[in-house]
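J.: Residues per chain, in single letters:
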Amino acid sequence: MAYIAMTTGFVLILIGLFGALTNRNILRMIVAFTVANTGVNLVMVAVGYMHGRTAPILDEAVPVAEAVARIIDPVPQALVLTAIVIGVGVTALMLAYVYKLYETKRTLDISAFKDLKW
Amino acid sequence: MIRRLFVILLLLGLGAIFAGLVGGYTPNDALNLSARYYAEHTAQDIGAANIVTAIIVTFRGLDTLGEVTVLFLTAAIVGLVLSHGHREGEGSGRELPPAGELLTTGTQLLVPLILLLGVYVFVNGHLTPGGGFQGGAILASAILLLLLTDPLRRISHGLIATIESTAGLVFVGIGVLGIFFAGGFLDNRILPIGSLGALFSAGAIPIVYSFIGLKVGAEFSSMLANLSETEDL
Amino acid sequence: MSALLIEMSLLLSVTMVAAAILATRGRQSLAIAILAAGLVSLLASVQYLLLAAPDVAMTEAAIGSGLTTFLFFFVLGRVRGGERD
Amino acid sequence: MVSALYILAVGLGAAFLLGLLRDEWRAGAYGVSLAALACMSLISAGWVWVLASGDGSAVDITTAGTLPPYAINLRMGLAEAVLTLSINLTGLLSAVYLRDTMFNQGRRALAVLLIFTMAACGIVLTRDLFNLFVFFELVAIATGGLVLLSRDKRALAAGFKYLVASQVITILLLVGIIFAYHATGTLNIDGMAEVSSLVLKGGGLAFFLMFIAIVLDLKPFPANGWALDVYESAHPAFSAMLSAASGSAALFAADKLLLIGGSTWLPLATGIGIVGFVGANLFALAQRNDRRLLGYSSVAQIGLILAVIGQRDLLGDRYLFIAGGILLAHAVAKAGLYWLSGLIEGRTLTAWSALQGHPILIFAFASFIALLVGLPPFPGFYAKWELVIALAGEGRIALIGLILFGALLEAGYLFRWFGRALKRERAPEPVAVSSFKRAVILTAVAAGWGLGLIWGALSLNGNLLLAVPLLFAFGFLVLEPLSVQIKNSLAIAGLVAWFVLSLPSYDPLQLIFAAVMLIGGALILLASYQTQGRRIGFYPSAMLMYAGLAMLIVAEDAFGFFAAWESLTIGSYFLILRGQRSEPHALSYMVFSLAGAFLILAGFALAADGDPLFTLAGLKQVAAPLAPWVFLLLAIGFMTKTAAVGLHIWLPGAHAEAETDVSPMVSGILLKAGLFGLFVLFMAMGSQQLYGVELTHILLWIGALSALIGNLMAAFQEDAKRLLAYSSIGQMGYALFGLAMMNHLGWLMALMFVINHYIYKSMLFLSVGGVAKRTGTRDMYRMGGLITLMPLSFIAVLIGIIAMSGVPPLSGFGGRWIFYNAILTTDSRLPMILIFISGPIAFLYLFRLIHTIFLGQLKDEHRRIKEAPFWLVLPQMIFVACLMAFALVPGLALRRVDAYISQFHPEGALGWEGLTITSAFGYWSPISIMIVVGVIFASLFAWLVFVNRKAQKVKQFNIVFAGERPFRPETTHFAWNFFAPYRKALGFLTEPLVERFWAAIVDLLHASADLLRRLYTGNGQTYAIQLLAFVVVVYLLRTGL
Amino acid sequence: MSFEWIKIPYALLTLFIVANYGFLLTAVMAKIAARVGRRHGIPVWQNYLDLIKNYGLRSSITHGVMFYMGPVFRLTGGVGLLMFVPTLYGTEMFSNMSFAGDLILALYFVFFGSLGMALGAGESGHPYSAIGVTRGLSQVTAAELPFALAVYAVAVQYQTLSVTEIVAAQQGGILQWTLFTNPIAVAAAMLSFLGTMMRPPFDVVLAPQEIPIGPPTEYHSSYLALMQTNRAIFPIAKIVIYMNLFFGGAASWPAFFLKVFLIYLVSVIVGVVFPRFRVEQSIRWFLIWAVPLGVIAIMIA
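Residue numbers (my numbering), protein chains in the order written: chain S, 617 to 734; chain C, 610 to 842; chain W, 4 to 88; chain P, 2 to 1042; chain B, 29 to 329.
For the record, the hints were derived by calculation from the structure and aren't laboratory data. Glycine residues also receive a C-beta, built at the ideal position from the N, C-alpha and C atoms. Each hint should be verified, as a subset may be incorrect.
Each computed DSSO-like pair below joins lysine-lysine, with the alpha-carbon atoms no more than 30 Å apart [what the hints assert, rightly or not]:
hint	chain 1	residue 1	chain 2	residue 2
1	P	Lys860	P	Lys951
2	B	Lys35	B	Lys287
3	P	Lys860	S	Lys730
4	B	Lys81	P	Lys951
5	B	Lys59	B	Lys35
6	S	Lys733	P	Lys154
7	P	Lys956	B	Lys81
Just a sample of chain C residues kept apart from chain W, beta carbon distances all over 12 Å, derived [said to hold, decoys possible]:
hint	residue
8	Thr716
9	Gly727
10	Phe742
11	Leu757
12	Phe789
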């Protein structure tokens, strides 16, 4: 199952990057990037997955003493949490940029913003 | 078209790297070094039932501080970007049809409930799934609802800013307290660990996570509010 | 249980990929693309549940698929006309 | 010392605190931010102090009361302390600099700035991979915000491109991190390094992804269009931070990451780095925009440091010294230059001409460029020295070549820029007046010099800033407000005093050079009394050159020699640049000189075999396969200074366009530095063979060709100073020829040329300079008949040309006599023939010099001209006296040298009995010749005076002119294209082939830069594609396809 | 070899003999050239007449100091050259002031007169003088080159720079002359000789047949007299060097007269056969024909 999720994650990354690198509309690029980010998160969680174990929460079902044998690796989850939040931060920032970029040129075509080059 | 082909080629290359990763991946049979430590020590050292929370708030608290800072930063920059060259004080003079009765009433009913849910999620972050981030997002969705029903509503930026800043300061402050009263920065053991599974346990984690929740909620709200207050282009 | 899980997981994956393609192909309207991306995110959070990561699942659902989508729509609403580019 | 965590806590706390302040309290918010940044800087500074004064072992800081690898830990070592200090100071200074902008933008911007600084520190401090990622994200997002501080509308697009790129980087980094974690079970960098074999298992894909992501954060060439756009459009204060702070931080991250990768990944870092260094510098050649140029330069410098990081394994405990030296120099210089650019209105390179009239800012500009290029006494210099030596010790020659080539390109465009700023017509827009901004810039200057001092102290070799000559030269910077008279007296006194002090320690050879360079320099400085005002910039430059010369003569180790060499090069560059139209020539001088210096560096490095304390005497011990190459490199390096043919194109312009009293300095004195170098080289290494070719034989040819071409070119010049300049090429050719003969008399002749050429060339440059000053032109055909108006100058020129042409009885003949005796003992006849050919040609241009200036018809516009100023004439007269004395008793100077040379070439010493000097072949009695000629001349003159006692002086135009009485001097003064027949016959030899060759190379570089940089299309998406392409290509290269 | 006071009267005697021989010889040569051209030519004492006439002229003007010095330089060059080379081999009496320096001194002292002449002519301000000077300098520098090469070849051959020693090495029969031991060097030197004698085809510098053009354009009266004197002495002094280096020198005055006459004759004969070269043509001529010979001479020496 980890393989399935992982592969899906990688496929999502590639699809996302493909979308980001071929769509000239800035907003679509950002959408594509969120897809890619989701893919990354999926990969990360999948890497931490261990077959037949449960979530790393100690409760009645998983007493402290059995934790080592019962829970899955909590670290990737913690990382993904952070990654998600950072991802949304960047997305929000880019969206704000989109608004301002549109304000300056009235277009969302990335190739229109080539004043700086060479 | 050539561009597309080139991109496909590149992604094939990248895909090859990824394939290599997948191919080289073997799932662990047992917990690795760090995970084993967390599984064994979290309960008695930190006192949090949710190990993920323990990691987020304590073991990797610095990450979380950074994460919160990312949101803070984003919110600040979104504000900055949107005010960049923005003509201050000119309210948008647009008139929108009023939101439907159902939505308005629903909002009035729902907002307190949502807020309550959010608070619950982050206060119990050390016990159950969820925590400051999730709770914060829930809080923000209450604000979102308010914005949806009345797009012209001006959210009090001052209040949001105060909340986010205070929460941030408290977070940093608790972290620093850890240096003085416990084992180091962000050590949660400045407060008694309590018994595993109780609401008031896990040292400072609930407090920290609550403030994170408040802060995250405030940041998201600020972003949403800032974006919603932009004008149509 | 695992067979069922795997089938679910597979199904989810296929749906996600389909939604992702929908989100990134330039043919559909932007609104649909954004919604599709939200869907990817939402399905991912289900996937996380299957992967025994409830915390991540909650976060992804609340932030990834919820808030992000709204952020997109806020901006999309402001840049009418930009969709054509 | 307080925990390093407080750096982060204070930064964050202050940022959060800002949110509590009311919008109106701008000053309060600004104050809080400054206080926080100052506090962060103080903490870092405290750590630097503690670690530098203690044993320097790093301190680990744990968080969460848990030991690593289970919780995040930070580390504060010396490198971290220094880096965070530099980052925090950059942040603080930028904040000061941004005062107005920040008041305008409010507390949000301040918070972003604080977080940016804090996060950059975090990157440096953290020892946790994921934490590293978080801080990287913070920096990236803060960058996205701070870009917008710019007033430039285009910054918006640039910021977006930056975010797009950082998205791609994030994806790669996260995937890499998680798999690395999976492989090792830890996120701690040190923990991972311990089990690095686990990470690198299966091709090390996870490590590759992490590494390439960090590398991409370094904005590697060529996948860096997004970064360049940011550099170009962002607020300069922010560009300063981006280049200095986040660049340094990312480099340190790369360094940390390579702990995991281990030695197998180091070559990749070197490869990427060096490609970036050379490539970005190449592209920068075609830049017109100042900030973009600086951006390219940043990319290049970071590439260089990455390359150094990749050489970590062989640098050993000097690694931090070297990498740190380059890094800090880059950080200070780049920040300083960006801050400086904020004062300038226009965005072209030429717009920096607004700096004219602001000597302090120009000094800052010069300091920053010197820091960047790595000139002494700045850290980059020491670092470069040890780096190249170490690389050569391991035989990494190609890398040395690339590094030096890149550095040369960089120096080229930087000095071109400097020249334009100083010499182009001043831009109309004034320099912004902001005391804050200036204070910031000056702080950076002070930091740069301070770093120089520190690095000098840390260096294995001596501290240049404590060398008395250099101190003396730099002391003139402080004395600048004084008048020229005082400074000149001080300078002369200093030169003489240093000579007198060092006198006991000189051997005869050194004595001759020291006398020519120091006493000779003082003599020429007499001419400087004629200038008025303060002459800002002249004395530090001139004294820097003299300091270099003084140190060169007595240098005992290769480092001291090289440092002196660079010092005199810089000093003379600034001197030459002072000329009216000398901008392009000063540039080519600098480029050639630096190229030469780099060759010398490479030569020393090869010889040193990894020993940075290599002595010049050690050149003797260099073994066979290496020796000829060392010889070749050093010889070519020295020959750039003597302007041997092929490397000569800088000289005519540089010498001709220099100021009146500078021309004799750079011609009469500076050229001798090259000869001195050759002397040292030949004494130590003797003759070397490469592929069976005797290398001195090649030098013989070069010397002969230089003599021929130099003389021939001189004969066709219309510009008097150019003529003298070309003549120097010829004269140095003779000297080189003499040296390369590798026999007693050849060396003696070269020394004779050292003295003679100094005297007559200085004299001629001074008198021609005086004439040019009076007539306002250097074109000889515009002059004529000045003999009656400027008789003293005429006498100087007359004596000068007699001496120079080698016509008896003056001292030039002595040189020729020794020369003929010398060549009788050598077997290389063909080059000798060239020398023969060039002999008479010298006669042509010398005659022309005196004829067209002083003889012929006086021009109408020159009728009221006076003799040259006293202070110009005085040294000339002294030179005349010297020439006479040297002609009569050459033994005074030569005898001891003759004996000295005998230890290298025992055969062929001259006999000095009585008045006659004898060689194995002939004899020469200078005093007899003088008497015989004098007697004949005097008798005949007396006779003529007697028979012509009633001769009547006639008016100017009273000549037999085909029955006409001309009344316009122009119609009767035959002066233009004087040797037309000669040109018709031999003109093909003077085709500027060499010039065309170098011009073609420069054009090629420029054209390729201009063409290739179109890679940066400006499209953010294309940039992202290039980014991915970079990753894939590096991957393919890494795996060997 | 060193200075003794007796050398001064000896030197003056040499000078006297050579000057008179020079006056007569140049006139004879002019006459020979005229006869070849079927003209009558000048009387052999013409030079003396000219000299008297020039000294007798009362009009005397000057253009300035250097103008004054020009002829002095010129004649000093001629006399000095004579003085620095031993005239007759083996006699202390006629070895002049050769103790002061060797062959190199002589080689370089050749330029002394040209330089002074050019300076004086320049001071006159006459454009034709300047033109003459440029032509003269251009041509002389090219013409002297093969000579210098040949001299060097000879110096290498005999391993000395001392003129006396070179002559000494050529004693013992005509076949010992450099002419036969090193013919190529001699050929190069003789080609050079043609160029420096200011005779056709290399006489465009002075252009004696046209309106006055060339360095002496502005000179007259006693100035011209000095220069005329030089024109008698200088060629002889130069021929003495050639004689010493290539033709075994002369041990007695008769041998001296004969050898100098014959060597001088070479240039005259060539001169009557060939038309005049322009300066760039002559430069090329020297570079193409004479210099390679000199190079070969050096290479095989």
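J.: Against the structure, test the hints numbered earlier, and report the numbers of the ones violated in rising order.
T.: 3, 5, 9, 10, 11
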